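Visitor: Going down the list, the protein sequences come from chains E and Y. Counted from 1, the first sequence has number 574 at position 574 by this note's numbering; the numbering is strictly sequential. Counted from 1, the second sequence has number 232 at position 232 by this note's numbering; the numbering is strictly sequential.
Since the hints were made in silico from the structure, they are not lab data. These figures come from a predicted structure and were not determined experimentally. All C-beta atoms, glycine included, are put in the ideal place defined by N, C-alpha and C. Take these hints with a grain of salt, some might be off.
As the list claims (entries may be wrong) - Computed Cβ-Cβ distance ranges for the label pairs, DEER-style:
#1 Y/2 to E/287: 55 to 61 angstroms
#2 E/429 to Y/179: 57 to 63 angstroms
#3 E/549 to Y/128: 36 to 42 angstroms
#4 Y/9 to E/476: 27 to 33 angstroms
#5 E/487 to Y/119: 36 to 42 angstroms
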Amino acid sequence: MTAGTRLRRLLAQKATPVAGLFLAAVVLTALLAPLLAPYPPDTGDLLRPSELPSAGHWLGTDSLGRDVLSRLMYGARAALLAALVAVVIAVLIGLPLGLVLGYLGGWPDRIAMRVAEAVNAMPFLLVAITLIAILGPGLIKSMAAVGVIYAVMVLRLVRGEVLAAREELYVTGALVVGNRTGRLLWRHVLPNVAPSLIVQITAMFATGIIVEATLSYLGLGTQPPDASWGNMLADAQASAYDHPFLALPAGFAIMLTVLAFNLFGDGVRDLFAREATGSVLHAAPARRVTQVTERAGGPEPAGEEPLLRVRDLSVSFPTGPGERADVVSGVSFDLGRRRMLGLVGESGSGKSVTAMALLGLVPDPGRVTAATITFDGRELAGASGRELRRIRGREVGVVFQDPLKALNPAFTIGTQLTEPLRVLGGMSAREARARAVELLDLVRIHRAAERLGHYPHQFSGGMAQRVMIAMALSMTPKLLIADEPTTALDVTVQGEVLDLLRDLQAEIGMSVLVITHDQGVVADLADDLMVMYAGELVETGSVRRVFERPRHPYTAGLLASMPRNRPRAGRLPAIPGTVPHPGEAGPGCRFAARCPFVIDRCREAPVELTALGDGAARCLRVAEQLTFDGTEAWTAR
Amino acid sequence: MWRLVITRLCVAVPMIVMVSTATFFLGALSPIDPAEFVLGPDPTQEQVDRVRQEMGLDRPVLAQFQEWAAGAVRGDLGSSVFTGEPVSATLIRALPVTLSLTLGGLVLSVLLGLPAGIWAGLRAGRLGDRVTTGLVTVGQAVPNFWLALLLILAFAVHFRIFPAVGYVPISEGVGPWLHSITLPSIALGTAAGAVLARQTRSAIIGVLQQEYIRTALAQGLPRWRVVGKFGLRNAAVPIVTVIAFEVASLFGGSIVVERMFSMRGFGSVTIDAVLRRDPDVIQGVIVIAAAVMIVIQLVLDLSYAWLNPKVRPS
Ligand code: SF4
């Protein structure tokens, strides 16, 4: 992100500039208090005590007849000076110490962290007051004490960043040359620590203002007759019965200034890390739209009505204010009963989103449209969330990529397995438990009854994935969606999980949609194959046909990069480049930037999916029967 | 479970030793001489020497510490230079006041902050969330002692529903006790509730983005069930952390609020001790506060173990 876009973002937030202007006004008032204040702050007109606001005294007078507005202005000086002292001390001590500790590590670091922990666990105000007991009361001394406690927070923050940077440098291999480590870290850490440090500083300013007021109220900070918002409130307390108005000006001054600092800090934080609020909880079901493309991509199964028929499925996400880009565009396919369909593509091709869109599980700002999603004779496009929920679990089971993330760490797998059986299946606790044991047996987990009481972290990846499969199958669904079922697993257990999936499909007779970037998985399991690139289907057909005779250059490239197709030693040819971001592929063929066969015409207009009897392909040159023999096409580039 | 308690206590003892040692020696380093405070302005040198001898300040710091520590182990925390009262007696009298306010503030902040945070988190980015977040931001900016003053003005001076000053011990009845701590608890609990709401909201948002929430939805479970049974439990760990941290800050905050309501709690004891340089009292306050915080930490650890199976020793 450039400084320009940052500035624009900052101005786009309404609250931040207002807060900034307010703070600027407070700072100016504090600096210019001697010029601006209509009266001296500490001498009053004893003949005019406790007056309400008037033309002469805009905010009235206090019990000693002093002008409240003037005292408020001088109070701003005390508040800002106090916060500044604390913050400066915090940064001067915390920043270097954090850098050194993070860099050195070892026992100095451990001891310092224990101390920091102890300080943080104690009540802030109590620690501050104890330190003041040592240094003695007074504005500067007491805020110096506060600064020392703040320094502990800064230290922790900076140390954390140094450790993170170290880690990163080791990972990228930049840290092998030992002697320049210090400088390297320094260069690496400062830009990283700056955003969080700025946020931390605004927070320290905000709390510093409150702490100064508190300490002055208690008589430990600014000493009377000097004005501070805190001791103004102490005065207000003393005259609570005869002049309650006095409680308002200083209180509002504190509140508004603190509020401005906090809002400003939030604004700054937003610039660097925008809070992601989208959740799958609020996923909207697919909206129904009229069909634009005629032809189904997938092979048309003869006779029997397919289990799943999808036409023109698109998913878009917002990219900026009022702008959306498709991550999936116009996907159409059929999935026959008891068939296994593979959906392959690199990450970022939109394959997982496609599957989630079918179930209404695309997270919140995502928008799904389709001409039709017919599942077992029912229309899901335009269906309500409730109707979709009836399908989920009961008729469509899902296996996710990383079982240890997809299983809830805080519950036993027994709870997670039986919950839907009880809620959806209406089973009693005992029945559900018996069924859960059956399910674990089904996925070949031994000692099933005992393992129900275990938590996910007590399972290996492969075993956890079996649990995940058992969960997906618990209601005997008609369709199983397996989203990268083996990607997160150890190579040694991948085969076992695939075998299990194949056996279960044969046993249960369900249809399977398997999503993977690994064509090996498809070759082993699937009947039919769809290849996706940048949100579009680029080739479909039976697995055998596509593997023998790929028609799209991208498919050919994927196949060429499969280890089993390159028995001899040597580096695997990979397709150079990466998938373009949604909405950034240009008007023509989305693969053009990486295609060795690209011609000028490819870049001009969108390329349609062409049906070719036993499949379809989305390539202008498909009629030329391009040959992809050897992999020179890929290695040559 | 017991292993956890024992481990914690093993950490607690050195921690208290560390805290008291640090306070003692930092206090000894202080340029301020308690003797001068006892005597008032411009004492003669003989007077100062005599008082220092009486207070034991003329002996080496190490010996002073040894004596203090030996007493502390037996439960004798020394006595006040000014009133002569044993520190432990003063603190035992003051502690219930502060703990009552801490508890009242805590209950209130949880009642306010938890539902608000959950509600906002579930509606992240929508109008209800923005309004709640706005209120929370304002709530965080209100200093507790100012709120206390406003509450006194409104409900004690103007409407006379609650007392403006004084603490009624619970031994004199739960009703009067509650009556006396209501306003201070509101003053303390509001900002704490705002902090809790903010943290709860982000905990909820964080949990809702986890894959296991998607799994539960993919299983066909209704939304309320996914949130109510699974989501809240997962969000509980960060929320409990915030609450524990809050207890410490409420304990500190009650120092000020007590003052506003003229209650003789930990706060008044501490501040008087600081203003008069009463070394044993300051020392005692810190040690007892550290002990209280350690107990809270222990409760926190136990609830972690209950909430998060990974840390539970099997
Ligand atoms: S249309 Fe052109 S760029 Fe696209 S895959 Fe075919 S040959 Fe390559």
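Visitor: Next, verify each hint and record whether it holds.
Guide: Status of the hints after comparison with the structure:
no., hint, result
1, Y/2 to E/287: 55 to 61 angstroms, "holds, 57 angstroms"
2, E/429 to Y/179: 57 to 63 angstroms, "violated, 46 angstroms"
3, E/549 to Y/128: 36 to 42 angstroms, "violated, 57 angstroms"
4, Y/9 to E/476: 27 to 33 angstroms, "violated, 52 angstroms"
5, E/487 to Y/119: 36 to 42 angstroms, "holds, 37 angstroms"
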